[in-house]
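Undergrad: One letter stands for each residue in the lines below.
There are 2 protein chains.
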Amino acid sequence: MNPENKTFQVQFQPLGKRVSVSDGATLLEAARQAGIQLASACGGEASCGQCLVVLKKGKANPLKSAEQFLLEEGDIKAGYRLACCTQVLSDITVQIPKESFITGQRLQVESNLAEISPDPQVQAYAFELKPATLEDTRSDLKRLLDELTSQHQLSDLKASLPVIQDLPNSLRQMDWRGVVLIKDARIISVLPEDKKPIGLAIDLGTTKIAAHLVDLETGDNLATGGISNPQSSYGDDVINRLAYAIRNPNGGQELAGLVRKSLDEMLGDLLDQAGMERRQVAEGCLVGNTAMTHLLLELPVRQLANAPYVAAYSEALDIPAGALGLGMAAGATMHIPPNIGGFVGSDHVAMMLASDLDQSEKVTLGIDIGTNTEISLRLPGSEKMTAVSCASGPAFEGAHIKDGMRAASGAIDKVRIHDGQVDLTTINDQLPIGICGSGILDSVAELYQGGYLNETGRFQKGNQRIRSRDHGAEFLLVAAKDSGSGKEIVINQKDVNEVLLAVGAINAGFNILLEITGTAHESVDEVIVAGAFGSFLNIQNAIRIGLFPHLPNAQFRQVGNAAALGAKWMLISGEARQRAQEIARRTRYLELTTYPKFSRQFARGMIFPNRK
Amino acid sequence: MNPENKTFQVQFQPLGKRVSVSDGATLLEAARQAGIQLASACGGEASCGQCLVVLKKGKANPLKSAEQFLLEEGDIKAGYRLACCTQVLSDITVQIPKESFITGQRLQVESNLAEISPDPQVQAYAFELKPATLEDTRSDLKRLLDELTSQHQLSDLKASLPVIQDLPNSLRQMDWRGVVLIKDARIISVLPEDKKPIGLAIDLGTTKIAAHLVDLETGDNLATGGISNPQSSYGDDVINRLAYAIRNPNGGQELAGLVRKSLDEMLGDLLDQAGMERRQVAEGCLVGNTAMTHLLLELPVRQLANAPYVAAYSEALDIPAGALGLGMAAGATMHIPPNIGGFVGSDHVAMMLASDLDQSEKVTLGIDIGTNTEISLRLPGSEKMTAVSCASGPAFEGAHIKDGMRAASGAIDKVRIHDGQVDLTTINDQLPIGICGSGILDSVAELYQGGYLNETGRFQKGNQRIRSRDHGAEFLLVAAKDSGSGKEIVINQKDVNEVLLAVGAINAGFNILLEITGTAHESVDEVIVAGAFGSFLNIQNAIRIGLFPHLPNAQFRQVGNAAALGAKWMLISGEARQRAQEIARRTRYLELTTYPKFSRQFARGMIFPNRK
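Chains as they are written, first to last, in numbering that gives the first Met the number 0: chain A, 0 to 611; chain B, 0 to 611.
Simulated from the structure, these hints should not be mistaken for lab results. Because the structure is a prediction, the values reported are computed rather than measured. Hints may contain errors.
As the list makes no split between identical chains, a pair holds if one copy fits it or if it spans any two.
Unchecked claim - Lysine-lysine pairs mimicking BS3-like chemistry, simulated, CA-CA at most 30 Å apart: (1) Lys129 <-> Lys383; (2) Lys157 <-> Lys383; (3) Lys493 <-> Lys5; (4) Lys157 <-> Lys260; (5) Lys413 <-> Lys56; (6) Lys157 <-> Lys141; (7) Lys129 <-> Lys596.
This is chain A alone, in the form it adopts within the complex:
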């Protein structure tokens, strides 16, 4: 096909970035190569329609049928293409419209839960060594070990290769005195006396990564940050990323490298904020869903992506930070807490921990809504807890929704519809350019409440904002003249269907979990709602459309990013780690699809409850 191995230049506007790609490469590949994070919920499968670009100059392949289906007539005329469908056949200049960028998201890293007291795993011991002489040529390590034995009665300590590599220069730069950090009888590093040990807590989400830099002795937050998961341009969806890792020979390595690099850069930024050094970072703790930790650790994922969906590990791991490309103290490790199963990860364990679900004296449900939604149940008096996972899809992440977007600047996050009028708010009060999860939930709930949708989610004609289109009806949320992109923002029939799928899955999850454990809806005392979408959603609207079942006596508690807080707890406390392992051991995973009534429950969940 390409005997001459031709390469072409691709120029991206408005960034002005250029890359060389081979003849026939797609613009999505070119963007990735240029380090541009283009929105791409499907990961390049030509199904989400997010990776919009405008071809300004140059030659590409004709429109593919997927583009003809996903793009509107006017857009096609204006030169819009999908980057994943467009092959570079000459030097090319493309414009990236702002809705195609993954940037400036609302990143939720705070939580409104309690803090705990530190019970640090890393201990610091002061030392002062006699310098080596020709009469006393003990090795650097031996000299340090001898001192720790004689001054602190520590014996049988081990040091890993990176620690020994660091020791000779550090000891001499420090003039043979300082503190040595030790964890589990292993030397982590030596530091000057005035440098304190700090730690890094990470919540590695499918979409967002949140992190705290923490003083290990006081538990104080020294710096906090959040970034997008750079794997997003390989698919919003966990499944698309696993597929990429499985299908491409170095796919797993590529995805691991991407997230490791971002984590290391984020660490560098946090350290700059706090005015600290990499060698002070004595330990880390990272939580994430099971697929995310597998991709980070470059573990095989074929068995995770296919039935019976088995994780490679479920135990707590301590991985040398260097093996993950993280520039921390020489002997630092990342603690990766246990997972409960292929679909219930350490992030859910961390959420159960930080919300004290495992110790609750009430009948408590815990839910973390995402592309995959985990729900767990605590029954007081019972040793075991139960967790289920629902394939709720990315609708509430803004994906698979025509004008959906992440919770970024300009996203519609709240909607009220009354008397045919639309009131809405956007993130950062920008002109609206799309709708994020909470706005999508509000829209559908308000449309149903107002009678624009019937109980099976069909649009009911008779309002001027409802128009017929080839692919079904749609509701005009924002007119072109009022939008930030100059284009209409609508909710269409397909969007409502996507929301119904999510509602059906989560509703079935709740109901089957309650049924199998013999728990009456009336007996549920509390529902802990965690995560970014969960913290911003309107609970009443969630109940109106059946996303949450009718639980007459339940209090809802929106706790924010409990997973990140749980990661911090485990970072600073050995007791919290122990509790997390107990949580994982005590929690039984229930595979919903093995439950005979699952399909019926799912279908039933896709019908809206009666209007109140």
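Assemble chain B onto chain A, guided by the hints.
TA: Positioned in the frame of chain A, the structure of chain B alone reads:
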């Protein structure tokens, strides 16, 4: 100097290899880049005169003064240059004369010492797992750990990241049954039932690397091999290599990478020989002098190269094989036994172990002669042993000797001179092209015995084979017409001086060691002579010139490569590892230069003993 960043092509004959180098790079750098191991005892310092090349075509800088000093008139006319002095100023073609190659050496990997019974560190346990189902989605690691607990009562086992990375695919390929290898409560790997665990024992010498592939259960040798240390082109001498690592920003990394790659290739060859697989290699044990293990481990060496010459570590280490670039079983480690000091490495510990020096009931000296020579003393009834190190120089490695060479094909290894006639043998009975260590020792001893040299090593005129030259007298060993290279082979005054330096250093080491420990020469019962040169040298000649002191009641035992054997013992036996740690702990290192009489002893050692 080089604003345009020009590059030129260098073509090496007779290999036909080509490389591109930047304007002004030396031919030695070009050769290294091309992967050609050019002899270079000084490591590119323009002092050994070994890296001879013939400039066939192209432009280079004019002769440097070092070349004018080191090269002969005729050679200069014939186009000879030193690769380290010759800068590439255009596309160039060079011829490498065969004496400049480091190849085909006599590599001694066998030893005439006893073998021991295995006491393996790695245990194998059979397992058969129930495959994962939707009703039983335990993770792969958990499933294996549960089986090991229920079938073999093993608990609290750990697995490193590479092991978990390997597990999912291996378990499924093996259809959930096989053996699991475990060491120190860590999982090393899973294997099909018909694959046995094997190990790798390595003696990492400055010049040569010897290795055995060993059946861990029986202790049988499965394959044996030897290669040159690829760092040789950076200097024959430990000091030159340390200097390279210190002076160049990535020098340490470069030298480590070079030897790691060679070790991994050697392992591949041994496995091919034995018909085994990398995943079977469950553990390794590597011994070497302290500088060599530091360079392998990429440890800082500045403190090792400068007084007071301190090692970074002296304890036994277990390093993940992957961290050393060695393709072994996923969780395999390399055991690196303890060293005694900056100048007495784990190879000497291994030699003391394999020759049972630590358990001898006689007054025993152990000596390993190299660029650095280690001597240790065992006094029965005493807990402590004592070791010294002598900077004997590389004369017996063939370096710093005008016609010196390694113990390779065509090297003169034995010499007899009687009535002005020279009898000699060469390795592999090839035409002589140079002299290796044992030939150099023989030559000097025979010249002294025959009266051609006086007791201070000055040439005595009056024989037609002794000629005056600008830089002193020389003795014609082989005429040009009888040599393999068509050039004369001589021993000159400078060569004799180099030998005298080695003799003085080693003699002083012996005598000071005996004096400080209050050991009379007469009371020494046994001298264990280890190593390649030590195994081939003529003991009588060594005594004649004072390389070994007069020990009237001593038996000399030439034991071959005892260090490699010791490495194998430690590979297959936990008891041997324990003994090695005891040897290191019990052996006191004595820095000769701190001894007040050192200089006097050294000078005295440089006078030949009376002729017998």
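Undergrad: A separate judgement is required for each hint: does it hold in the structure or not?
TA: We went through each hint and held it up to the structure:
1. Lys129 <-> Lys383: Answer is between: at 24 Å across copies they meet the 30 Å cutoff, but 56 Å inside does not.
2. Lys157 <-> Lys383: Answer is between: at 25 Å across copies they meet the 30 Å cutoff, but 38 Å inside does not.
3. Lys493 <-> Lys5: neither (41 Å within a copy, 61 Å between copies)
4. Lys157 <-> Lys260: Both ways: Lys157 and Lys260 sit 29 Å apart in one copy and 27 Å across, limit 30 Å.
5. Lys413 <-> Lys56: neither (39 Å within a copy, 79 Å between copies)
6. Lys157 <-> Lys141: Result: close both inside a copy and across copies, 11 Å intra and 27 Å inter.
7. Lys129 <-> Lys596: between (74 Å within a copy, 27 Å between copies)
Going down the numbered hints, you'll see the structure goes against 3 and 5, while the others check out.
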